[in-house]
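On the provided structure of chain A, position chain B as indicated by the hints.
Chains as they are written, first to last, in my numbering: chain A, 6 to 413; chain B, 6 to 413.
Please keep in mind that the hints were generated in silico from the structure rather than gathered at the bench. Some clues are possibly wrong.
Copies of the same chain look alike in the list, so a pair counts if it fits in one copy or across any two.
In silico DSS-like cross-links for lysine-lysine, where the CA-CA straight-line distance does not exceed 27 Å [said to hold, decoys possible]: (1) K266 / K324; (2) K400 / K272; (3) K111 / K324; (4) K243 / K166; (5) K324 / K290; (6) K290 / K111.
Predicted model, so just to flag it, every value in this text is computed and none were measured.
Protein chains: 2
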Amino acid sequence: MKAVGIVVEYNPFHNGHLHHLAESKKKANADIVIAVMSGHFLQRGEPALVSKWARTEMALAGGADLVFELPFAFSTQSAEIFASGAVSILDALGCDSLCFGSEVGKIDAFLETYELLEKRSDDFVQLLKTALSKGNSYPKAVSIAFQKIASGEKTLLDLSKPNNILGFQYVKAIVQQKSSMKPLTIERIGAGYHDESYHHPSIASATSIRKNIVHEQNLSSMKHYVPESSFRILLNYKQTYSAFHDWELYFPFLKYSILSKTLTELKEIYEMDEGLEHRVVHHIKRAASFHQFLSLLKTKRYTWTRLQRLCTYLLTNTKKEEMASILKTKKAPYIRLLGMSGRGQSYLQAVKKQLELPLISKVSSYSSDVLEMDLRATNVYALILNEPAATEFMKLEYTMPPIRYGLP
Amino acid sequence: MKAVGIVVEYNPFHNGHLHHLAESKKKANADIVIAVMSGHFLQRGEPALVSKWARTEMALAGGADLVFELPFAFSTQSAEIFASGAVSILDALGCDSLCFGSEVGKIDAFLETYELLEKRSDDFVQLLKTALSKGNSYPKAVSIAFQKIASGEKTLLDLSKPNNILGFQYVKAIVQQKSSMKPLTIERIGAGYHDESYHHPSIASATSIRKNIVHEQNLSSMKHYVPESSFRILLNYKQTYSAFHDWELYFPFLKYSILSKTLTELKEIYEMDEGLEHRVVHHIKRAASFHQFLSLLKTKRYTWTRLQRLCTYLLTNTKKEEMASILKTKKAPYIRLLGMSGRGQSYLQAVKKQLELPLISKVSSYSSDVLEMDLRATNVYALILNEPAATEFMKLEYTMPPIRYGLP
Numbered sequence: 006m007k008a009v010g011i012v013v014e015y016n017p018f019h020n021g022h023l024h025h026l027a028e029s030k031k032k033a034n035a036d037i038v039i040a041v042m043s044g045h046f047l048q049r050g051e052p053a054l055v056s057k058w059a060r061t062e063m064a065l066a067g068g069a070d071l072v073f074e075l076p077f078a079f080s081t082q083s084a085e086i087f088a089s090g091a092v093s094i095l096d097a098l099g100c101d102s103l104c105f106g107s108e109v110g111k112i113d114a115f116l117e118t119y120e121l122l123e124k125r126s127d128d129f130v131q132l133l134k135t136a137l138s139k140g141n142s143y144p145k146a147v148s149i150a151f152q153k154i155a156s157g158e159k160t161l162l163d164l165s166k167p168n169n170i171l172g173f174q175y176v177k178a179i180v181q182q183k184s185s186m187k188p189l190t191i192e193r194i195g196a197g198y199h200d201e202s203y204h205h206p207s208i209a210s211a212t213s214i215r216k217n218i219v220h221e222q223n224l225s226s227m228k229h230y231v232p233e234s235s236f237r238i239l240l241n242y243k244q245t246y247s248a249f250h251d252w253e254l255y256f257p258f259l260k261y262s263i264l265s266k267t268l269t270e271l272k273e274i275y276e277m278d279e280g281l282e283h284r285v286v287h288h289i290k291r292a293a294s295f296h297q298f299l300s301l302l303k304t305k306r307y308t309w310t311r312l313q314r315l316c317t318y319l320l321t322n323t324k325k326e327e328m329a330s331i332l333k334t335k336k337a338p339y340i341r342l343l344g345m346s347g348r349g350q351s352y353l354q355a356v357k358k359q360l361e362l363p364l365i366s367k368v369s370s371y372s373s374d375v376l377e378m379d380l381r382a383t384n385v386y387a388l389i390l391n392e393p394a395a396t397e398f399m400k401l402e403y404t405m406p407p408i409r410y411g412l413p
Numbered sequence: 006m007k008a009v010g011i012v013v014e015y016n017p018f019h020n021g022h023l024h025h026l027a028e029s030k031k032k033a034n035a036d037i038v039i040a041v042m043s044g045h046f047l048q049r050g051e052p053a054l055v056s057k058w059a060r061t062e063m064a065l066a067g068g069a070d071l072v073f074e075l076p077f078a079f080s081t082q083s084a085e086i087f088a089s090g091a092v093s094i095l096d097a098l099g100c101d102s103l104c105f106g107s108e109v110g111k112i113d114a115f116l117e118t119y120e121l122l123e124k125r126s127d128d129f130v131q132l133l134k135t136a137l138s139k140g141n142s143y144p145k146a147v148s149i150a151f152q153k154i155a156s157g158e159k160t161l162l163d164l165s166k167p168n169n170i171l172g173f174q175y176v177k178a179i180v181q182q183k184s185s186m187k188p189l190t191i192e193r194i195g196a197g198y199h200d201e202s203y204h205h206p207s208i209a210s211a212t213s214i215r216k217n218i219v220h221e222q223n224l225s226s227m228k229h230y231v232p233e234s235s236f237r238i239l240l241n242y243k244q245t246y247s248a249f250h251d252w253e254l255y256f257p258f259l260k261y262s263i264l265s266k267t268l269t270e271l272k273e274i275y276e277m278d279e280g281l282e283h284r285v286v287h288h289i290k291r292a293a294s295f296h297q298f299l300s301l302l303k304t305k306r307y308t309w310t311r312l313q314r315l316c317t318y319l320l321t322n323t324k325k326e327e328m329a330s331i332l333k334t335k336k337a338p339y340i341r342l343l344g345m346s347g348r349g350q351s352y353l354q355a356v357k358k359q360l361e362l363p364l365i366s367k368v369s370s371y372s373s374d375v376l377e378m379d380l381r382a383t384n385v386y387a388l389i390l391n392e393p394a395a396t397e398f399m400k401l402e403y404t405m406p407p408i409r410y411g412l413p
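Chain A extracted, bound-state conformation (with noise of 0.2 Å):
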């Protein structure tokens, strides 16, 4: 059977992730589709809308074959480091192929990118330095430092866009990884990343429909735009908890977090660098709001969504330590099982001996410093819920086993 693998975080699973799912094994020639999905918190460093469970079930009712989790360890973390754990993930389970959405949808791009920065890599240093010292976000230097480069060469690629920055270091991480998975992208259609409102007939962003249904309690308003499998499982989801997982209600948890540490404690948080500590302690004292804390946090110098991830650090608790041994290497140490079809099960069956790491069925029976910190980040992600929801959430993480979709 062959395999294509696909990098997600389905927040929640809509029809844009159904045509990618399956424009991706059309266009690997795939039997099964493998997703690699985040836990419980996501690049963006923002709590998942609903767990990792509702989120794998969206996931194989929408047609993936096998649900992995990528850890947290990795999952909050900028491009290089996230696509680095994914592609090691998809690599160890045999994929033949990683398909992901792009902006400029054409494998070519990434490829000449990828040649061209290798070639110039020491210029790309220099100019990225130069554009980090004028004060500029990190992905912005290196849009700037990217286009210096590029001027001149034939390259498509326009490494300002989200999906194409993510592109690049799969591709990067399948080279670099001496990898056989051939690197595929599909063009992403109908709604860009960011955008808030619906303005397309049946394709809409999750930040949109994220947008509508917790901040303006609209549930029906997704109706169009995410398949009938997605609807009820987030519509029972809600019914079930009571809430769908926001910054906000996590805010009371990060301020005390923050007034209960003191500065030498802050400053061991994972990318708590240059001196955030006292910008950090000076706004909670003054911000009633998630959205206030970050908004007085923001400068030019950091991105909202760098600042959002330092907060999700602080919240779990995250050290630089911890950080620095786990990611030595960039790879994960383990893969572990959130769901299957009944194909997924015969594929992993017949690969189940040539797997490159340990495959984790029960949480219980398995220590590695990667999973303890998924396990915190899960009580930490849990505790908006209110008793006794929180105390079954956070023992699902021993009992659940992998969802089995349409297998007797």
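Showing chain B alone in chain A's frame:
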């Protein structure tokens, strides 16, 4: 002017305190009363019902002339450290005597007991060890060891009574610190320390008053048991902040604090001894309230109070390391004035130049690890208030001048 020192919590200030204050002044033949009062967290490991500012007002209205803060590093400790910190402050202020309430009410009983235990300290330590090794709690073991020492000797002191224990430690600290203060005691009247219901026409324990106004929300019930000034101040506090401070309100933060820490970090918390961290992690996941958590945590070995203190240290993120460095001398490094009457002000002006410790009137111009701990405790204490009240409350530490009672 002659000053008598008293050590108080005033949680809240009631008629029994009014009596004790007036009697102390009379017994000591003093011109003014100096109260050393716990800040926002108290000796039994719980948040004070209302802020130290409101309690200072009650104290001044009830007849205290000077109110100084007993820092968190001492106020949340078992009797020995609590008493040592308080005595060091009263001594530095030049008090002529220290007067405490006790069950026995006779100072000779304390002096004789101190001498007896000094004389037979080796025996006492051995008996204490034996009693502890049988699984008794620390206070229980002290009481057992003491009874064995005292049998056959003429002593009136019952060292299983909470105020006798504290009194003994005051006397011990006075002797060991070579203070010239004269120890005095008066018998406590009317209500037992732990009584939860009203059964005297005008004297009730602070415990019973708290129970009635917090859990039963019956504010008018305390009218007979507290001075009119206390009644007004408590009513006003509830109106301003919409809450009395109670452990249950902090429980979500306590739970978060525990679940976001690694076992290694939990072991670094002050008083987390003998593998308690495993019990703490096990039970916190199952508890839906603070009371339930403590009930689950409780064993013969650990008193409720000992475990509440541990929770206070968890909540305020107080580490063994920082406490060890603070407690090297068991003496306060400064004195912080919270409030004064006209006579108190005159006294302070008279003794100002002979003070043995720096007098803090402005927090921002003084640096000390003891003070840092107090500021952190206040931040945590404020977190249950709504915004903007919480932010304003935190600022008070920097902006609030000592309360002036009856002064122009």
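Against the structure, the hints come out as follows:
| no. | hint | in the structure |
| --- | --- | --- |
| 1 | K266 / K324 | both (13 Å within a copy, 11 Å between copies) |
| 2 | K400 / K272 | between (32 Å within a copy, 23 Å between copies) |
| 3 | K111 / K324 | neither (39 Å within a copy, 55 Å between copies) |
| 4 | K243 / K166 | neither (33 Å within a copy, 53 Å between copies) |
| 5 | K324 / K290 | both (22 Å within a copy, 23 Å between copies) |
| 6 | K290 / K111 | neither (48 Å within a copy, 49 Å between copies) |
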